[in-house]
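Residue strings, one per chain:
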Amino acid sequence: MSTEATAETNGTHGTQAVELQGVDKSFGSVRALSGVDLTVGAGEFVSLIGPSGCGKSTLLRVVADLEEPTTGTVAVTGLTARQARLAQRYGIAFQQAGLLDWRTVAENVELPLQVHGVGKAERRRRAVELLELVGLAEFAGSRPAELSGGMQQRVAIARALAPSPRLLLMDEPFGALDEMTRERMQAELLRIAGETGAAVLFVTHSIPEAVVLSDRVVVMSPRPGRITEIVSGRRPPVAGDDLVPDAVEDVRETGAFFEAVTAVREALRKGAATEGHAG
Amino acid sequence: MSAPVEGTTAATAAPAATAAGGVGAVAGPGRRFRGASVVIAPVVFGIAVLVVWQLVVTVGGLPAFLLPAPTAIAAQIGAQLPVILETAAVTGGNALVGLVLGFVLGVLLAILAAGVRVVSDLLTPVVLAASAIPIVALAPVFTTMFGSTTEIPRRLVVMVVVVVPVYVSTARGLRQVRPVHDELMVALAATRRQYTRFVRLPGAIPYVMTGLRLAAPAAVIAAIVAEYFGGLQNGLGSRISSAAANTAYARAWAFVAASIVLGLLFFLAGLLAERLVTRNRPGGGS
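Chains as they are written, first to last, in my numbering: chain F, 1 to 279; chain V, 1 to 286.
Don't take every hint at face value.
[What the hints assert, rightly or not] Covered stretches of chain V (chain F as the covering partner; in silico rule of three or more C-beta atoms under 8 Å from a C-beta of chain F):
id	segment
1	182-189
2	201-212
3	226-240
[To be verified] Pairwise CB distance ranges (calculated):
id	chain 1	residue 1	chain 2	residue 2	range
4	V	Pro134	F	Ser142	49 to 57 Å
5	V	Gly115	F	Thr254	39 to 47 Å
6	V	Asn234	F	Lys120	29 to 37 Å
[To be verified] Using 25 Å as the maximum straight-line C-alpha spacing, the simulated SDA-like pairs for lysine to any residue come out as follows:
id	chain 1	residue 1	chain 2	residue 2
7	F	Lys120	F	Leu86
8	F	Lys120	V	Arg192
9	F	Lys120	V	Leu123
10	F	Lys120	V	His181
11	F	Lys120	V	Thr191
12	F	Lys120	V	Ala189
13	F	Lys120	V	Ile77
14	F	Lys270	F	Leu86
15	F	Lys270	F	Lys120
16	F	Lys120	V	Asp182
17	F	Lys120	V	Leu265
18	F	Lys120	V	Leu66
19	F	Lys120	V	Arg193
20	F	Lys120	F	Gln95
21	F	Lys120	V	Pro125
22	F	Lys120	V	Val43
23	F	Lys120	F	Leu79
24	F	Lys270	F	Gln88
It should be emphasised that the hints constitute simulated quantities derived from the structure, not laboratory data. Yeah, the Cβ is synthetic: ideal placement off N, Cα and C, and Gly gets one too.
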């Protein structure tokens with residue numbers, strides 16, 4: 001559909017964060033993904049949205065090299081998916097924070113660096129920096145169990161950012177959070193993405209969340225999982241740190257925001273209609 | 001004295017990352033002390049039992065070989081106190097050495113089995129079979145092998161008894177990896193060794209400590225019973241058997257009482273160690 005056109009107009013000359021061409025993925029006789037072409041530009045924020053079973057998580061996992069595509073090519077920051085994983089080119093956050101209970105918050109953030117053999121002093125310096133970025137500097141020595149769900153998820157994001165990845169993969173990271181925390185986290189994420197300049201591939205169920213965060217919202221439909229439409233998101237331009245929460249609030253009240261939400265909703269409905277029944 | 005082996009079937013299961021239903025059975029440093037009533041109730045009950053016992057023996061006129069009166073036993077404990085302490089130290093020492101050896105061996109074997117599939121397939125049935133070894137059968141054999149002038153046979157018996165619960169519990173802990181941690185370590189491109197060091201081992205520690213808690217009282221039982229089958233005559237077990245053989249029933253019971261105290265000490269030490277190590281954790285595999 002409009003995939004190529006949008007990718008072209010993105011106009012980044014550097015390496016694309018993600019380039020998928022003709023990606024198919026089957027689990028036995030189930031076709032989880034079919035003919036997926038998608039490009040995520042450097043620094044771009046792209047959301048994947050669709051009903052359960054549309055393959056959005058599978059698509060993310062293919063990019064992360066946690067699943068291998070049955071056919072098609074996957075390039076992540078110009079490398080193969082496997083090379084990118086081994087070189088820690090991406091950071092990843094799941095719906096569960098998945099922190100290691102027996103480590104302090106700072107030690108959890110250090111984990112990716114420790115795996116990559118970075119020295120202790122350098123690790124600690126980076127952890128402090130990242131915890132400041134996610135606003136949890138004073139919890140460096142705490143245990144994950146002492147933190148709220150939202151705080152744990154912020155630690156998980158800091159951990160994902162530890163190797164300074166050019167790409168952040170997020171699989172419904174705010175799915176388990178309450179609405180208020182969720183909106184605060186969205187603003188946080190936009191600020192972090194802006195400050196680090198990392199591209200983000202973001203799986204979500206929530207239409208407003210996808211619209212407010214993204215440059216582009218990729219709408220998918222199930223059986224087989226495929227991209228049906230790509231809608232422009234309403235990601236607010238990033239200014240200074242403190243402006244972001246307000247900017248996000250402002251976006252949520254604009255007509256353009258509601259238009260985009262409606263467009264995504266219709267695209268989802270269309271996808272469900274062509275499939276015969278709602279997912 | 002069969003070692004308390006839990007979930008023998010689980011030990012042969014594939015090392016899957018599924019959160020098991022057996023978590024509650026092994027782990028869970030739960031709240032074991034719920035205030036004073038928890039202490040008072042069993043103490044009152046214990047005193048009541050002693051009073052009834054005393055009455056049955058003195059009023060009922062029970063012969064001493066059948067059951068000596070608590071007062072007679074207490075008198076023997078007073079009279080034999082230096083010997084009791086000395087022999088308890090020997091038996092306790094054997095139990096401790098065997099416990100440490102068996103614990104280290106059990107943990108190492110479980111780590112080895114968790115890392116290498118073949119080792120697991122070879123080892124698991126052998127260790128589980130070891131749980132069926134009656135130490136009755138082992139003690140005289142070890143005594144003959146190593147001679148009756150050394151503590152080695154008893155320590156080996158204890159070790160065999162301890163290895164099993166520690167191995168089973170540790171092996172189970174090593175399998176309790178949450179799927180999200182599994183995925184994370186793959187995404188981080190961690191090596192197998194890093195995966196074991198950063199995720200599996202630390203995650204298994206509550207289970208390791210549970211194994212230690214289960215093994216600690218069993219170690220004392222093994223050390224005492226091993227003494228019944230020859231070797232040096234310097235421990236609690238040998239004193240119990242020689243006192244009984246000499247119809248000194250009250251004295252035999254005095255050493256039995258000391259054995260009970262020693263077993264309780266090991267049990268409490270194991271419990272304390274488990275609680276200390278796992279106090280920062282929200283528990284087993286959740």
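Given the hint that F/Lys120 pairs with F/Leu79, test it: the Cα-Cα distance must not exceed 25 Å.
-> With Cα atoms ~29 Å apart, F/Lys120 and F/Leu79 exceed 25 Å; violated.
Given the hint that F/Lys120 pairs with V/Arg192, does the C-alpha gap stay at or below 25 Å?
-> holds, 21 Å
Hey, F/Lys120 versus V/Leu265, does the alpha-carbon distance stay inside 25 Å?
-> violated, 41 Å
Take a quick look at whether F/Lys120 and V/Val43 sit within 25 Å of each other, Cα to Cα.
-> violated, 53 Å
Is it true that the CA of F/Lys120 sits at most 25 Å from the CA of V/Ile77?
-> violated, 58 Å
If you draw a straight line from the CA of F/Lys270 to the CA of F/Lys120, is it 25 Å or shorter?
-> Violated, at roughly 53 Å.
Coverage criterion applied to the segment 201-212 of chain V (partner chain F; beta-carbon cut 8 Å; 3 residues) = With 3 residues closer than 8 Å to chain F, the segment 201-212 of chain V meets the three-residue bar; holds.
Kindly confirm whether 29 to 37 Å is satisfied by the beta carbon distance between V/Asn234 and F/Lys120.
-> violated, 50 Å
With a Cβ-Cβ cutoff of 8 Å, does the segment 182-189 of chain V contain at least three residues near chain F?
-> holds (count 7)
Would you mind confirming whether the straight-line C-alpha gap from F/Lys120 to V/Pro125 stays at or under 25 Å?
-> violated, 42 Å
Between F/Lys120 and V/Asp182, is the straight-line Cα distance small enough, at 25 Å or below?
-> holds, 24 Å
Given hint V/His181 paired with F/Lys120 - CA-CA distance at most 25 Å | holds, 22 Å
The structure fails to meet hints 3, 5, 6, 9, 13, 14, 15, 17, 18, 20, 21, 22, 23 and 24 from the earlier list, while all remaining hints are met.
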